[in-house]
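> One-letter residues, chain by chain:
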Amino acid sequence: MYVELKNIEKSYGNYKASDHINIGIGKGKLVALLGPSGSGKTTILRMIAGLETPNAGDIIIDGKRVNDIAPAERGIGFVFQNYALFRYMTVYENLAFGLKIKKLPKKQIKERVIELIELTGLKGLEKRYPNQLSGGQRQRVAFARALAPNPSLLLLDEPFAAIDAKVRAELRSWLREMIHKVGITSIFVTHDQDEAVEVADEIIITNKGQIEQIAAPIEIYKNPKTPFVAEFIGQSSKIDDYHKLRGFEKGDYKGAIIRPEFVESFKSDNVKFKDVINYSEDGVIEDIYFRGNCLEVKLNVGGIILTTKRSLERRPIQIGERMHVIVYRLYAYDNERAYLLENKDLKGKELVTF
Amino acid sequence: MQENKRKESKATQIVLITISVLFITLMLVIPLISVINNSLSEGVSFYFKSLQTEYVLSALKITLLATVIAAVVNSFFGIMAAWLITKFSFKGKQLLATLIDIPFSISPVIAGLAFIMTFGRLGWGSNYIDKINEFFGTNIQIVFAIPGVILATVFVTFPFVSREIIPVLNAQGKEEEEAAALMGASGFMIFRKITFPHIKWAFLYGIILCTSRALGEFGAVNALSKTRGETFTLPLEIDALYLSGSNDSITSAFAVSSILVFIAIAVIIVRNIVEFKAKKKLEHIES
Chain A
1 MYVELKNIEK SYGNYKASDH INIGIGKGKL VALLGPSGSG KTTILRMIAG
51 LETPNAGDII IDGKRVNDIA PAERGIGFVF QNYALFRYMT VYENLAFGLK
101 IKKLPKKQIK ERVIELIELT GLKGLEKRYP NQLSGGQRQR VAFARALAPN
151 PSLLLLDEPF AAIDAKVRAE LRSWLREMIH KVGITSIFVT HDQDEAVEVA
201 DEIIITNKGQ IEQIAAPIEI YKNPKTPFVA EFIGQSSKID DYHKLRGFEK
251 GDYKGAIIRP EFVESFKSDN VKFKDVINYS EDGVIEDIYF RGNCLEVKLN
301 VGGIILTTKR SLERRPIQIG ERMHVIVYRL YAYDNERAYL LENKDLKGKE
351 LVTF
Chain B
1 MQENKRKESK ATQIVLITIS VLFITLMLVI PLISVINNSL SEGVSFYFKS
51 LQTEYVLSAL KITLLATVIA AVVNSFFGIM AAWLITKFSF KGKQLLATLI
101 DIPFSISPVI AGLAFIMTFG RLGWGSNYID KINEFFGTNI QIVFAIPGVI
151 LATVFVTFPF VSREIIPVLN AQGKEEEEAA ALMGASGFMI FRKITFPHIK
201 WAFLYGIILC TSRALGEFGA VNALSKTRGE TFTLPLEIDA LYLSGSNDSI
251 TSAFAVSSIL VFIAIAVIIV RNIVEFKAKK KLEHIES
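Same order as they appear, the protein sequences are chains A and B. Under UniProt numbering, think of the first position of the first sequence as 1, with each following residue one higher. Under UniProt numbering, think of the first position of the second sequence as 1, with each following residue one higher.
Incorrect hints may appear among the rest.
[Stated by the list, open to error] Pairs of lysine-lysine residues, derived as DSSO-like cross-links and limited to a Cα-Cα distance of at most 27 Å, are as follows:
1) B:Lys280 to A:Lys127
2) A:Lys127 to B:Lys281
3) B:Lys61 to B:Lys226
4) B:Lys87 to A:Lys123
5) A:Lys102 to B:Lys226
6) B:Lys61 to A:Lys127
7) A:Lys100 to B:Lys226
Derived from the structure by calculation, the hints contain no laboratory data. These figures come from a predicted structure and were not determined experimentally.
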């Protein structure tokens, strides 16, 4: 493990920001710290950087305990949420600042800055001030500045929060590519699950100062370990009396979480579903929302409201229309864990999905 | 309807401009002109002669000395206090910020009396001063001496610099400093390269305000300064000349006043240049 946090505790007064945090991050990995705001993810990042000091526990980078090592000596590059570019310095001066402090010879500084400017596609903007740049350009400068002194670990605090939605998607793939190209171990904080899923190799989910789950994005999505993760990831809705749905029995669970992609609805004359129509139940369409690339349909199934998505290529539907509804699977949970439950009526059946 | 509204707002504008101009003329321009006018009422040669008396030259020297020291001390203190209040969080921070503002709200005469009560013969500080004098073999006096005049001037001007800088530093946040610290920059380097460029213009503006206030201070200094020709500042000298009652000395009082008027006008011009430059610089960088 390249970066390790062992039994980290951190409180601000009575507020516990980090509660028994244990994390291991492999060399060269791009990891997301994902959680709702106030879940303690930024605190973890700032403790690794040395901007905050934990009350207890060890922070280990590359086999060395760094708790007592000054932030500047930890070999870290940090990208701040609002980039914190030096606004009274040009792009060139921003990139050169860290190198000047390290007292590198002028020629070497120049070479490194030019290299970074080329790497991040900032050519021609060297003499601009930060406020003369677009949001995307600023992020590139912040990224290049963090990389300038050749750190071995890159930390990014909500790197996309300050950028408008359209440029954000572009920058996500840019950042992912860049980080993999440079090959630097990186940790970024985000509250946006799409961002985490798209960019990270591994996701660490935080909640109320604790770690809920550490796994690859697909694993987090398919096998949420805790009720919180099951509900936080995807477009999930909570259903208490899930056992009333056909194909599910009441176990020792408190409730269940269903995502739209677990629910199928079809008209009674749809031949593609004729094999499973006997296992379906009746639902009435309560609401239809146009979501751009699909319809979001709310169905009332015996008092339970289920949400599903419907392709625009399929036949039109109306509010009040009767549909057949099948729930393929759901996540049941007790106090501690989440469990995947498959519809047992459908076991061994070949399923057709759109 | 539209036409009417436009006419109405035009009329409002004219009325407001007339009132403002009349008010400023009556309250500021006419009195100032009359100062200059009166100062020259006995001719140019009398004017220059009355500026060169021993008392006036001494007062001018002490005024400038007190002003320069107040500006230097308050620059240092102002930057330090503003830095402390904006970049650190500690218990009693709000209280400290409020305390800094006290000279704004307290009457200068009270400040002067407070210094007498502290450092005068009956004050608790006088023992320490006596001890220091004994130890070093010196004869430092604070009350009714130049140090007292300087202290009073520093007291009444000390919020100016920090008050100008604090909002700027607050708006800046501390991320830039953190970023520089993470790169290994020393505290002084961070201040010089990151913080100071940011507060430069506000700082200069604060010094200008501090200077003009120091030049004109009357009340606090009046309480602590009793010897004409030794510890009197220009405003006190003007007062003394005026109160002595003869026609000549009243004209002299106006002549000396005109120095302060000219300095004030110079300060206003410098202030406008600073404001203009600061704005231009900001537009350049923050556009």
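> Against the structure shown, which of the earlier numbered hints fail to hold, in ascending order?
4, 5, 6, 7
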